[in-house]
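Colleague: Modelling step: build the complete structure from the supplied sequences, incorporating the hints.
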Amino acid sequence: MPLAPEDASITFDQLTLDPYPIYRRMRAETPVIRVSSIQRTFLVKASDTKMVKDDPELFSSDDPRTPMQPAFRAHTLMRKDGAEHLRERKAIMPALTPKAIQANWAGLYEEFAAEYLDRLPKTGPVDLFTDLCGPVAARILAHILGIPEATDEQMMRWSQELIDGAGNFAWRPEPFEVTDRANAEMDELFAKAVERVRAAPDASAFSVMVNADDPIPTSQIYSNIKIAIGGGINEPRDALATLIFGMLTNPDQLEQVKAGEDWGKAFEEAVRWVAPIQASSRLVTRDTQIRGFDIPKGDTVMTLQASANRDEEVFGDDAEDFVVYRSKNPHQAFGNGPHHCAGSHTARRTVGKIMAPMLFERFPNMRLPDPAAVNWRGFGFRGPINMPVIMG
Amino acid sequence: MVKVTFVAADGSETSVEGEEGASVMQTAVANDVEGIVGECGGSMMCATCHCYVDDAWISKTGERQHDEDDMLEGAASEVRETSRLSCQIKLDQSLDGLVVHLPDEQF
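Protein chains in written order, with UniProt numbering: chain A, 1 to 392; chain B, 1 to 107.
Some hints could be false.
Said to hold, decoys possible - Keeping only pairs whose Cα atoms sit at most 27 Å apart, straight-line, the calculated DSS-like set for lysine-lysine is:
1. K90/A x K258/A
2. K265/A x K353/A
3. K90/B x K3/B
4. K90/A x K90/B
5. K122/A x K328/A
6. K353/A x K258/A
7. K328/A x K3/B
8. K353/A x K328/A
9. K60/B x K328/A
As the list claims (entries may be wrong) - What follows is a list of derived Cβ distance ranges for each label pair:
10. A56/B x K122/A: 41 to 47 Å
11. R181/A x D10/B: 14 to 20 Å
12. W171/A x G62/B: 18 to 24 Å
Calculated from the structure, these hints are not laboratory results.
Note that the structure is a prediction, hence the values are computed from the model and not measured.
Even glycine gets a Cβ: it sits at the ideal position worked out from N, Cα and C.
Modeller: Listed below in structure tokens is the structure:
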């Protein structure tokens, strides 16, 4: 069989600014395609991305060419499989289960939600992305992780810097210089957190890992916390911002969601429509084929959740539209298989069950006068980078 | 084929035919049964395929394993004696007619 066709024209910047038309064309014409600017074989069909994610033996997370390694200065669990991945994941997992979120963090988040909404003006223009979506996601995450002394600004900056480093597929030097400084700052704070939770255990992720009967190495505890910072702010932040955009640009659906209290459905549609985590790399461990193309051992495939979530075969003719009341919504925004997103429950509980209904109840006359003024960015991680609304 | 009936929290029933060797979770997901999510695809890395085996079928579906217990500890809904991760129940002819009840939420 032939190798997949190669595309030398698509640039990283194009994928960052407006990837969806590119993915639509790929789904129609070249569902398996090597993209030379990213040095990955793109898989854009939902059935292929799911197949890859569900088969960690053939498609390993241990990608030796990942920019994540220098960005996080760690071999994170995101790039491990099997027993090693399981051990590190199980270390942090007790702090992030639906039950733990509900028992330990939902109440606190409700307080933060109310507090952060109180800060917003009752009328006039507000950028909800910078004034609400980011800060409140940062605040609850700092507490869940066990570093409440980190400021919102620090949390958001570290998160963005880690994301920019992990998404540095062009391997530019500057993003890694930035993450080196971020890592040093985080490590300093983490050392204090370790001492604190040893002295006074609590329900936080740090405490759960540090005080475990058989703890994983400190380096991997730090790595897990950084993964949570890197992926635990943008996901609820961007999910909330996208949900706000989707609701304000579809007022008929907003009325229906309010009447039916269907914020959970609105949340799932928001993350389907724009997956906060758009792409994942997998190393091919032995020669295989996908859709009639040879995928040789050593190749790196990239599953495009962004594209799978808009696959017309799964979501129909309105796959590119924001539609809360789909008959079904089997999106891959949180991945699937052993590496599905460990923070998905936090995002669902905080955004879908608490913040979204609270926000729209408090500000029933909120509107988005110029949807075109919203700027969307990101290839590996994507969302709006502003949300200029009028509160009332 | 093996018949499985899923009883939703609201009492509605959905009966589907699963293949021998497939798990109850795979059968639910493949047939769009709402109420079973199966986020981790059956690698016992989440508890979103939590189900309650009907009393009449408990002795046939087998015991919960230790790892399964660990994962169920984090389930969104109440864990009962009859709780199982449906990804850990493999279908065979002895389970034809199996009935499982679904929790009110998976996350």
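Colleague: K353/A and K258/A: Cα distance at most 27 Å?
Modeller: holds, 12 Å
Colleague: Quick one, are K265/A and K353/A close enough, alpha carbons at most 27 Å?
Modeller: Within the cut-off at roughly 10 Å; holds.
Colleague: Hey, K60/B versus K328/A, does the alpha-carbon distance stay inside 27 Å?
Modeller: With a Cα-Cα distance of about 32 Å, the restraint between K60/B and K328/A is violated, given a limit of 27 Å.
Colleague: That 14 to 20 Å hint for R181/A and D10/B (C-beta), does it hold up?
Modeller: violated, 53 Å
Colleague: Holds or violated: K353/A and K328/A, Cα atoms, limit 27 Å.
Modeller: Answer holds: K353/A to K328/A is near 19 Å, not above 27 Å.
Colleague: Using the beta carbons of W171/A and G62/B, state whether their distance is inside 18 to 24 Å or not.
Modeller: Since the Cβ atoms of W171/A and G62/B sit about 50 Å apart, the hinted range of 18 to 24 Å is violated.
Colleague: Please work out if K90/B and K3/B have their alpha carbons no farther apart than 27 Å.
Modeller: holds, 13 Å
Colleague: Does the alpha-carbon distance linking K328/A and K3/B stay inside the 27 Å limit?
Modeller: Cα-Cα ~23 Å, so holds.
Colleague: Straight-line Cα separation of K90/A and K258/A no greater than 27 Å?
Modeller: Violated - the C-alpha atoms of K258/A and K90/A are around 37 Å apart, more than 27 Å.
Colleague: Could you see if the CB distance from A56/B to K122/A stays within 41 to 47 Å?
Modeller: violated, 58 Å
Colleague: Run the distance test for K122/A versus K328/A: straight-line Cα separation, threshold 27 Å.
Modeller: violated, 36 Å
Colleague: Taking only the CA atoms, is the gap from K90/A to K90/B under or equal to 27 Å?
Modeller: holds, 24 Å
Hint violations for this structure: numbers 1, 5, 9, 10, 11, 12, all remaining hints satisfied.
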